[in-house]
Amino acid sequence: MNKVNALPETSFEHLRQTNLGRLIEDLHFYFDSQALQYLHQSGFPAIKSADAHVMRTMRIEGSRVTDMARQAGISKQAMSKLVSAFVRQGYLTWEVDPNDKRNRFAYVTNDGENLLANGITALQRAEQDIADVIGDSDLETFRQILLKVKHAKRIRQNTAVTHQQKRRV
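Using full-length UniProt numbering, the letters of the sequence shown correspond one by one to residues 1 to 169.
Derived from the structure by calculation, the hints contain no laboratory data.
Each hint should be verified, as a subset may be incorrect.
Each computed DSS-like pair below joins lysine-lysine, with the alpha-carbon atoms no more than 25 Å apart [what the hints assert, rightly or not]:
# : residue 1 : residue 2
1 : K76       : K101
2 : K48       : K81
3 : K101      : K81
4 : K76       : K48
Computed from a prediction, not measured in an experiment: that's the story for all the values here.
Input sequences plus hints: build the corresponding full structure.
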């Protein structure tokens with residue numbers, strides 16, 4: 001282990017508050033909180049933050065729960081629990097996979113389509129909140145920078161493992 005010279009407490013605290021990981025995490029929390037608040041305001045007060053795993057992975061044409069879990073980076077059991085709640089609320093229906101009876105497909109209902117449409121509007125409003133602070137041009141630049149980093153080969157290779165290790169419901 002290399003010995004590192006001690007940082008003055010003020011430098012350490014500044015780094016703690018301004019490192020990229022912390023800033024991205026804070027922005028992620030703010031963005032998700034705003035989008036969830038807008039979704040609640042549009043008539044979906046029962047939706048919880050964990051439900052974002054379902055909303056980000058459910059498809060109109062139907063989705064296998066195992067695929068949804070993999071895309072969300074959570075266990076199949078956790079996704080099944082979340083999808084079951086969406087079925088009870090009328091946003092999804094279950095059907096057995098005709099090719100593999102062990103798997104089930106989740107299909108979006110009319111109420112589910114309405115939820116997704118309102119979810120998209122909530123995301124757009126949360127993005128607009130950020131644009132109101134930094135401007136439309138800087139928001140688009142920020143998006144392009146994030147996409148560039150996301151698509152970098154080294155980042156892509158490490159992300160799949162990180163999502164599986166970190167994301168749990």
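Evaluation of the provided hints:
no., hint, verdict
1, K76 <-> K101, "holds (16 Å)"
2, K48 <-> K81, "holds (13 Å)"
3, K101 <-> K81, "holds (19 Å)"
4, K76 <-> K48, "holds (19 Å)"
When held up to the earlier numbered hints, the structure conflicts with none and fits them all.
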